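Asks: Sequence:
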Amino acid sequence: MIRTLNEARSGPPPRIASPESDRAPREMHRCLLIPEIVQQIVSNLDIDVGWNHTASGQLASLARTRIFHDDALDALWKHQSTMRHLIKCMPAALWQSGYATDTRRRTFTITFIRPIETSDWDRFLYYSKRVRAFTPPYLWAEDLSQVYDTLLQSDIPGGHLLPNLRRLNCGSSSATPMPSTHLGIGSDVQNRVEESRPFDKSLWYQIR
1 MIRTLNEARS GPPPRIASPE SDRAPREMHR CLLIPEIVQQ IVSNLDIDVG
51 WNHTASGQLA SLARTRIFHD DALDALWKHQ STMRHLIKCM PAALWQSGYA
101 TDTRRRTFTI TFIRPIETSD WDRFLYYSKR VRAFTPPYLW AEDLSQVYDT
151 LLQSDIPGGH LLPNLRRLNC GSSSATPMPS THLGIGSDVQ NRVEESRPFD
201 KSLWYQIR
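For the sequence shown, the UniProt record's numbering begins at 1 and goes up steadily by one.
Keep in mind the hints are simulated off the structure, nothing from the lab. There's no promise every hint is true.
[To be verified] In silico lysine-lysine, DSBU-like type, Cα no more than 30 Å apart, as pairs:
1. K129 - K88
2. K88 - K78
3. K78 - K129
On a predicted model such as this, the values are computed, not experimentally measured, just so you know.
Put together the whole structure using the sequences plus the hints.
Replies: Here it is in structure tokens:
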């Protein structure tokens with residue numbers, strides 16, 4: 001199984017001139033046509049990819065293959081701790097990023113530099129539908145308040161930023177507040193969002 005996985009990730013070996021060079025390339029192992037096996041391979045790498053860079057890199061490699069593409073992307077995007085990665089999937093001419101610096105720390109910021117057009121949402125929504133859990137970042141880490149306000153005042157195709165969110169991890173002492181915003185959770189999903197640690201009830205009214 002490991003050998004088959006490595007073959008799928010690395011692709012075919014480089015072509016070397018030889019008497020046998022005209023032979024047809026080796027076909028992919030038939031077991032990789034079984035969805036359950038593909039899902040099992042991905043699940044073995046589906047750990048906390050945000051902290052495990054090896055697993056994250058392996059999933060990214062699998063996501064570039066036809067067989068593993070969707071399952072690997074689902075695993076890579078399943079748990080997000082910031083909206084910045086989704087925003088950066090939007091056209092580069094739409095936003096700019098930088099750091100706001102005070103005497104104690106540097107805070108990451110993103111701002112929109114032109115109005116959002118309907119076509120700007122394509123890649124954002126392609127990945128955001130895969131997000132199942134969201135953990136707001138620490139207050140000192142980033143300030144995306146302008147981004148949240150702009151996103152949620154926009155005409156979002158489908159109506160929701162994170163349409164398949166199931167888990168919201170937030171604690172009142174550490175999570176970045178999101179004033180006057182929400183995560184675009186649909187009414188049919190809200191009741192299934194789980195609380196994984198002490199929940200700041202005031203935040204719930206901001207995200208519903």
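Asks: K129 and K88 were given as a pair; does the straight-line alpha-carbon distance stay at or below 30 Å?
Replies: Given that 30 Å is the threshold and the Cα spacing comes to 16 Å, the pair holds.
Asks: Sort out whether K129 lies within 30 Å of K78, counting only the CA atoms.
Replies: 9 Å, holds
Asks: Does the structure keep K88 and K78 at a Cα separation of 30 Å or less?
Replies: 17 Å, holds
Figure legend: structure checked against the earlier numbered hints; every hint is met.
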